[in-house]
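Novice: Okay, here's what each chain looks like letter by letter:
There are 2 protein chains.
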Amino acid sequence: MFSQKVTDNLRRSSGIRAMFEEGSQLKKTYGAENVFDFSIGNPDPEPPAETKEALKRLVLEDKPGLHWYMSNAGYQDVREKIAASLNRDNGCKLGADNIVMTVGAGGGLNVILKALLNTGEQVIVFSPFFVEYGFYIDNHSGKMVVIPTDAKTFQPSLETLEKAITPLTKAVLINSPHNPTGVIYKEEILRRMAALLESKEREYGTSIFLISDEPYRDVVYDGAKVPSVLSIFRNAIIGYSYSKSLSLPGERIGYVAASDRIENVEGLIGALVFANRTLGFVNAPALFQKVIGESMGAKVDVNIYQERRDILFNHLTSLGFECIKPQGAFYLFPKCPTEDVSDFKARALAHKIILVPGTSFGCPTHFRLAYCCGVETIKRSLPAWTALAEEIGLKK
Amino acid sequence: MFSQKVTDNLRRSSGIRAMFEEGSQLKKTYGAENVFDFSIGNPDPEPPAETKEALKRLVLEDKPGLHWYMSNAGYQDVREKIAASLNRDNGCKLGADNIVMTVGAGGGLNVILKALLNTGEQVIVFSPFFVEYGFYIDNHSGKMVVIPTDAKTFQPSLETLEKAITPLTKAVLINSPHNPTGVIYKEEILRRMAALLESKEREYGTSIFLISDEPYRDVVYDGAKVPSVLSIFRNAIIGYSYSKSLSLPGERIGYVAASDRIENVEGLIGALVFANRTLGFVNAPALFQKVIGESMGAKVDVNIYQERRDILFNHLTSLGFECIKPQGAFYLFPKCPTEDVSDFKARALAHKIILVPGTSFGCPTHFRLAYCCGVETIKRSLPAWTALAEEIGLKK
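First to last, the protein sequences are chains A and B. Read left to right, the first sequence gives residues 1 to 396 (the numbering used here). Read left to right, the second sequence gives residues 1 to 396 (the numbering used here).
No false leads were slipped in.
One copy or any two copies: either way a pair holds, since identical chains are not told apart in the list.
Only pairs whose alpha carbons sit at most 30 Å apart, straight line, appear in this in silico DSSO-like list of lysine-lysine:
#1 K299 - K52
#2 K200 - K143
#3 K27 - K81
#4 K352 - K63
#5 K63 - K379
#6 K28 - K63
#7 K325 - K152
#8 K225 - K93
#9 K63 - K52
#10 K5 - K200
#11 K152 - K186
#12 K143 - K186
#13 K28 - K93
#14 K52 - K81
Worth flagging that the hints you see were computed from the coordinates, not collected in a lab. In this text, all values refer to a predicted model and were calculated from it rather than measured experimentally.
Just chain A, with the same shape it has in the complex (with noise of 0.2 Å):
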């Protein structure tokens, strides 16, 4: 009666909302405080103050116009702060017309695969990945590649990622820092793939875009440096969000950068903004445009993750959880200490903790814990963790 694609894939894509029910269902029996729910990732510290003052002095303000149309690319003059911030950082040379304003990273990727993709092209993923990308490709008549990280780093592989590349191979769409693994691809491994990218352009007489999906590019620590991707990839697009950085995720604010050595970027810019109109974003929210453009720079302090990633990575791996350690985003993603995953999300439930199951990540021997709940929702979960790790019989 409705769509049946949607019907099925409604079905099946039930993973992290599903927990995330069960979560509010546990929380009302059990009270809030007595469950512990890592199920998504809705950042939970306020907006930078610089954020917030840029915003209430933009509505205080009250300038005609505020809420107003404007080009289906955004406001130019914070398209050209943007482009100004990622030249210093990167060293490229973007102007604003590089910039397309979007409605955050899901709306940037939509926009992106749009512009890209003709039907049946097909788009290479690496699992882990975050399981919207298949709905994403999808929605644009793509064809999802997925191919294997290094089972022990989570590491692109270079071999596999060459043996997967054919002549409708259209865009490898990455994300570093990584969701769920909380890995940065290393700059050494991302120059190796940008000349195999352009060695096999070459061969195929074909484009291959590498799409960054980055809402977590500034969601790193311990000093970590995430590789500019505008600076090793010729043919890079990037996806980004403010929804991470400045803990705005409800508002839906992000955008897209095009690189300027790509051919006809002009070309390609178009289609992207055709994309954002008629996909029925028209433009992304006037006021959090401007909002952008008066607090250039401001961040959330990471320091609040990372605190979190640390009791929670600490107290896992001391109870013999094996786990690479997160540089950035705020997802653990342990290896699933029993045969299967689905069973040790319900013996985890019993303990009343939430978790999502790897499946959901095309990763069925690990799962997902997203960190950033409440410091205290941590500390309280320690005895739980320690309790299902006696129960389970997990060696140190």
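Using the hints provided, position chain B relative to the given structure of chain A.
Specialist: Chain B alone, transformed into the frame defined by chain A:
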């Protein structure tokens, strides 16, 4: 190199934007006050005081979590208020669960179409029609079937509609008050349309949805009433936007309402929420959802538009232009007084009048004037219209 379809559509779809760009160029050359730009529907009144006050209050109160994620459907309390308001106006029984908050009506229509359409299913649209409909339907692999309205009244013809309905018809998409004609579809015609759809559903054993695009529902003149689609059609789905009624087009806030009389409406709502999430909207902007909830019932003063309509309509008809008098929205759609609308556009341009040929709305015998530009622009344009009418020898 990029999406071929987007590149092709981009070339074809530039009618309105092209005129807008031409206008910008002319304004640079001759000064903004000497150019009469009727090209785009960018409302120039400020939002109502109540809406502005609600925004200020919310930003100054600054409650924790104001900018975080919420349910993909939107805030429960805001959806409850909208449902209650629709129930009051339409005598229906919607709950919060019948409402999904969306990124304007453009976002809402895409969400509806994604939730409904299987590949190749048809959506019937009456010409003249908003040019974006074709792109929206194509985004979700549907097929747009365009049928003419009555040439004099621009009301739907049921005889034509009956012939156009096939077993593949998934929806009829209407827009009333109408862009570009300003016509409100008559209740009696809509009632007969509803009966026709139900009879065709029985004949083919299908479901046919009535999608009602209603951004102009609250922009009506001379006390006109917009018939209640929710009370007339069993399978009614509304796409509403606050862009026009609250003059907030840049903020991208609206909703989709699905009739409680739709069979398995829970399934439809599930599909709508999934579509909202996976198209990358994720949710409607958080702060403006709250603003809507806090200023329910606020409306931009339509007398602002009615004055402009009267000045322009009276002058044009006094010169001999044939034009139906708009009952709502903020467009005039006069008959082109010369053979070729593209030639007429050029002749108007020589008088610094910027209009959009009806070609952009599937109706090349007419042209559109958006009178949401300032009243002073309209008054200053009158001598130019007189000169243009004399030049082409228009008979009064």
